[in-house]
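Top to bottom, those sequences are chains S and B.
Numbered per numbering that gives the first Met the number 0, the first sequence spans residues 0 to 334.
Numbered per numbering that gives the first Met the number 0, the second sequence spans residues 0 to 500.
BS3-like mimics (lysine-lysine), calculated; alpha carbons at most 27 Å apart, straight line:
no.: 1; chain 1: B; residue 1: K207; chain 2: B; residue 2: K162
no.: 2; chain 1: B; residue 1: K398; chain 2: S; residue 2: K129
no.: 3; chain 1: B; residue 1: K137; chain 2: S; residue 2: K16
no.: 4; chain 1: B; residue 1: K76; chain 2: S; residue 2: K129
no.: 5; chain 1: B; residue 1: K162; chain 2: B; residue 2: K189
It should be emphasised that the hints constitute simulated quantities derived from the structure, not laboratory data.
Please read all numbers here as calculations on a predicted model, not as lab measurements.
Letter by letter, the chains look like this.
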Amino acid sequence: MLFDLSKKKIQNFIMQKAIFLVLLMLVVVIAIINPKILRLVVLRDILMQSSTKVIMALGMMFVILTGGVDLGGGRLVGMAAVISASMLQTPDYLRRFFPDLPQLPLFVPIVMAVVVGILIGVLNGTIVAKFKVPAFIATLGSMLIIYGVNSIYFNMPPNNSQPIGGLRPDFTFLGSGSIGFVPVIVIFAALVSIAVWFVLNKTVFGKNVYAVGGNAEAATVSGVNITHTLMGLFAVCGGLIALSGVLEAARTGGATNNYGNGYELDAIASCVVGGVSTTGGVGSVPGVIAGVVIFSFINYGLTFVGVNPYWQSIIKGMIIVAAVSFDIRKYVQKK
Amino acid sequence: MYSLEMNHVSKVFPGVKALDDVTLKVRPRTVHALMGENGAGKSTLMKCLFGLYTMDEGEILFQGGKVSIPDSASALKLGISMIHQELHPIPHRTVMENIWLGRFPRVGGTWSPIVDHKEMYRRTESLLADLKLNLNPKDLLRDLSASKAQSVEIAKAVSYDAKIIIMDEPSSSLTENEVEHLFSIINDLKGRGVSIVYISHKMEEILKISDEVTIMRDGKSVGTWPASELTTDLIIKKMVGRDLSHRFPPKENTPGEELLRVAGFTSPHAKSFKDVSFTLKKGEILGIGGLVGAQRTEVMEAIFGLRVHSAGKLYIHGKEVFVNSAFEAKKHGMALLTEERRATGIFPVLSVMENLLIANMKSYQKKSRLLDNRRMVDDTKRSIKLLNVKTPNSKTLIKSLSGGNQQKVLFARWLLTLPEILILDEPTRGIDVGAKYEIYMIMMELAKQGKGVVMISSEMPELIGMTDRIVVMSEGRVAGIVDSQETSQEDIMRLATKFIQ
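Construct all of the structure, not just a fragment, from the sequences and the given hints.
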């Protein structure tokens, strides 16, 4: 009898963490095929690549917690990258975006980009909360609008859609520099993670996010302001995604209007793999971080062991569908 | 002087006047019972008071002053809290978070964004101790039983320190002991100057706990009386508006041979139904009684192939059948009218005709695979006439019909599939009295034709008045099967609470 119970528990555990375990196995397989991937430098590289994605996925988590999704996330990465990069080029660079722009303090363009992200988030949240447009549709619209606006900005003379380069070293330091062996960008991701964890677990706003996602009706009758909560969480989402866009520009040392295209799908996939339920109300920061890191490892690893990119796309697609179907099973099977 | 007055309140929903010039006056320090049949408008009235609905006409006076209550937040702020009929748990959150949602204690004052978990835990513990409720503040709601979850709702409503607490069926999933406990809490609250509006269908409870009773019928208030002047019979008479003997059509059906046998149906889920067995005869109306959470709907859905079962057999005409989907159930002559008419029954934006024929479309295919329009129109007209559906025409969208007429359309839908076994899940919920009688007539007529009818109902009088036998369920198990002629509401209640720990 006791054995039975523990067997059931194990089954349950496997059921709950199925997709996680499958991916861990994939990680192991990759490591066996090419053990060199386990070298410290490579792992550090993977962690650096994960950092901007962690920040973005944490933003995305807020929206998924309420059963929605932000499709405009990838394009917002591009916009934030272009905004910050366009104002942070070295004075002697030949093809400057703003030829006569004086040297700005580092934080000014960064804050501008993040504020733009927050405003777009507030707009998304307003459309979702006030006009009851599903997040999927509202953000599909903003995805197209963001890309259009960003491309117009990017195409302004004298830039005329040239990739933005020649970024200031103090800016690129944020993305590719390190303090000792620890990359600055990883420190950023860690700080953001702690902040998000704090907001979700220790603040009224965070708890309201879980409540609205878990049972909107209950939140309403308990006097929670759903509109404000939705607007707030979309704002946080926009702000974090914009921040990840800024850091993406700093990390790669450039920006174009096509930066970040499709990143929103990676972020959604990472959240789901990390246990954020697409039906709302369930999800944690450590889960999302684990989801992103595993996903990045597989991404990197598949290239590392020589899987061609077309196959990589197929594998990633299968992982996403499998993750969501396992997630749905967890809740639906209760019937 | 009243602590609450609702004067001349009216509210119209599409197709039905839910409240018609209703007046309710509640004195301070009293329990004021609100009674009426399902669909009489009690919950609607309370939802207007709690800011969930906006009333079309009327005024609310609270503590003598006129107030407007646009949403729940303002109701709570005024000092009106509510235990809701449908529970509102947030499953993956703790007991204490569920209780204090919307007004978490904060570190360092009202405007701080940070939740004070220690304070929240302390307050929850003292609240639960105060109410003598045995709950762990840190348990997740999804792990609690229905009665524990209801206790959380009670604790929550009390914790607002409200002047008025609305209790909409607060005892629906409580055991007898827990109800006693609730009453001691209520008496305590009265002592502290709180007034309580108490909605329940249970006569004994009402007569025991309430000081005054307001009775509603068909969206109107019938009147208010001191509880001491009322008896069960009097209340029923005022609720129904005519003698009980005319509430149900005369029983003219005669049960025959066995039609359906359910043997040992068990769910794979621990908290669900277990070892459910019963038989249904031809021409019989079989009632399924029990409290909310007794898994009645779940069993029927399992029989109909909508839910999985891990053990149990199904026999139709003595032959074992296997039903793993609604499609197969239909093939074996079963039909299911679901409980949530709006959610799982009607297609609101389709016409009456489409709603009528949707379960039977295939039979209208011609050889060319196109649909035979003339036959569809004919069948629709015939069904509308047969069941006396009040609709402007067959192209009217079903959402604009009243609840009773929508239910008749659903009946007609399943009758067109020529079923032998009809499973009806709360078929008269939210339907006005006149239409109810017509639904009863249809059921009786079907039984007379030799069909087997299974009816889940939470209304005792309906169960006793309409059925031949009643299967009473408790906590997912069959607590007993009683003969409707010989049983009483008390017997059924006793069985319904048999397995509650």
